[in-house]
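Q: So the protein lines, in turn, are chains X and B. Residue numbering for the first sequence follows our numbering, beginning at 17 and increasing consecutively. Residue numbering for the second sequence follows our numbering, beginning at 13 and increasing consecutively.
Everything labelled a hint here was simulated from the structure, so no lab data went into it. Check the hints yourself; a few may be wrong.
[What the hints assert, rightly or not] In silico DSS-like cross-links for lysine-lysine, where the CA-CA straight-line distance does not exceed 27 angstroms:
| id | chain 1 | residue 1 | chain 2 | residue 2 |
| --- | --- | --- | --- | --- |
| 1 | X | K139 | B | K112 |
| 2 | X | K142 | B | K31 |
| 3 | X | K158 | B | K112 |
| 4 | X | K158 | X | K241 |
[To be verified] If you only want the chain B side, here are some residues facing chain X, beta carbon under 8 angstroms, derived:
| id | residue |
| --- | --- |
| 5 | L66 |
| 6 | K85 |
| 7 | S89 |
| 8 | M90 |
| 9 | V109 |
This one's a predicted model, so the numbers in the text were calculated from it and none came from an experiment. The C-beta atom is built at its ideal place from N, Cα and C for all residues, glycine as well.
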Amino acid sequence: MLSNIIETAFHLIFTLDKDLIEIITLSLKVTLSALLISVFISIPFGSFLVLYRNKFQSFVILVSNTLMGMPPVVLGLIIYTLVSKRGIFGFLDILYTPSAMILAQTLLITPIVVSLTYEEIYKKHKDYYLFLNSLNLSNFSKLRTLIYECRYALITVTLTGFGRASAEVGAVMIVGGNINHFTRVMTTAIAFETSKGSIELAVALGLILIMISFIITLLIKSLRKIK
Amino acid sequence: MSILPIKIDNFSYAIGDSKILRNINIDSKEKKITIIAGNNGSGKTTLLKAMHGLIEDPSNSISWANNSIKTIKELQSMVFQNPILLNRTTFENILYVANKKKTNEKNYVNKIIEKLNIKDIANIDARYLSGGEKQKVAIAMSIIGNPKIIFLDEPTSQLDPVYKHEIESIISSLVENDTKIFMTSHDISQIKRIGEEIIFLDKGRVIFNGKVKEFLNEKTNKVIRNYISYG
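Chain X with its partners taken away, still in its complex shape (with noise of 0.2 angstroms):
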């Protein structure tokens, strides 16, 4: 039984099933804009972090450090009351798309990559800051030379954010609705497709999961290799 389980699994994946490819690019579609938002945001915020050292700044700290354990389902679930028809973003029209798990997988992932961020810069600053400030560089240059000197582990940091957020299943199942051809991805089809007996789906989305994964695991190993 199961040697056929996944030999109809493989058959999906190599005959490029219309729904399981719908549902990988939607997946991708929603990591990859939150990875990017977040990235957008979060790397020059935990730099500009070490830079501007002050109480507000360990604050900040401990609050993202606290968050990147946060359980991906409380956070949809806050989305949720924030966006739902009767939240104070209610506005938006948002719940039940695929801008709400974006939105999610941002929030989720943020406080990662601004922690993650925030040691690497702080890590390269400490060898660094005597020999920039002798150049008496301005702090916006500084920032750029220390982000350049980071660029290995900082691409390193948005890999780990991508796994984060591609493996993601609480806050996307509850503020998306795992809505079939709309906003179904890989981790909440996972789920759907095994609770209803349909497990052929499922693993071939399960073995592709393991992939991105792997490829991951992989890239993070040759850059640390590079660093």
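Could you slot chain B onto chain X? The hints should help.
A: Just chain B now, with coordinates in the frame of chain X:
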């Protein structure tokens, strides 16, 4: 812009309860090499950093021909005891500083590389350079933009005699081009060879500030006598 005399008027620096520099008073007109010497933990590096503006001087105790450090900072550079280089090639490290100092001269980086005789390591990543090579690259980076003052923190302490000689030659050539050098050193023979003036620190206080020749003939101060005899 004139840089001398450098005057330090009652400068003190502490980290928490630990006093690193205590009531430092210096008035120096020496144009060539001033050595900052003293036993370990006497505050040599801290004094160098303070003179370079890497340590806050809220009471403006340090002035260069009546100019504040902020005004003079553009004319200064520093080479640290453990050379700080970016994770780039030698060429890119030098290019980085040249860009930051806005040196527009054509082939400037190549000229610096030739001047310091580091052409053979120009394309090597700084992480893979030896201690002496790193020191030479750091000095190459420090002379970009023709600074009037260069601070060197024990630039030869970890080097073999050949590299030491090479670095000393570079330092001497800088002085010939009217660059004022402040350099920390533990090496009495080196102090004799290249030093003109010496500032000697003991437990964060200046206990001697004068010509190297006078310092070497100092008979009364026990700390200095021990330093010279064991050096």
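Q: Holds or violated: the hint that K85 (chain B) contacts chain X, with Cβ atoms closer than 8 angstroms.
A: Result: holds, 5 angstroms to nearest chain X Cβ.
Q: Given the hinted pair K142 (chain X) and K31 (chain B), is their alpha-carbon gap at most 27 angstroms?
A: 23 angstroms, holds
Q: With 8 angstroms as the cut and Cβ atoms as the points, is S89 (chain B) at the interface with chain X?
A: For S89 (chain B), the interface hint holds, since the closest Cβ of chain X sits about 7 angstroms away, which is under 8 angstroms.
Q: Classify the hint on M90 (chain B) as holds or violated, based on whether any CB of chain X lies nearer than 8 angstroms to its CB.
A: 5 angstroms, holds
Q: Regarding the pair K158 (chain X) and K241 (chain X), is the alpha-carbon distance no greater than 27 angstroms?
A: Answer holds: K158 (chain X) to K241 (chain X) is near 25 angstroms, not above 27 angstroms.
Q: Starting from K158 (chain X), check that the Cα of K112 (chain B) is at most 27 angstroms away, please.
A: Distance of about 11 angstroms is within 27 angstroms: holds.
Q: Regarding the hint that V109 (chain B) lies at the interface with chain X, is the smallest CB-CB distance below 8 angstroms?
A: Nearest chain X Cβ about 7 angstroms off; hint holds.
Q: Against the 27 angstroms threshold, does the CA-CA distance of K139 (chain X) and K112 (chain B) hold or violate the hint?
A: With Cα atoms ~22 angstroms apart, K139 (chain X) and K112 (chain B) stay inside 27 angstroms; holds.
Q: Just to be careful: measuring from the Cβ of L66 (chain B) to every Cβ in chain X, is the smallest value less than 8 angstroms?
A: 6 angstroms, holds
Taken one by one, the earlier hints all hold for this structure without exception.
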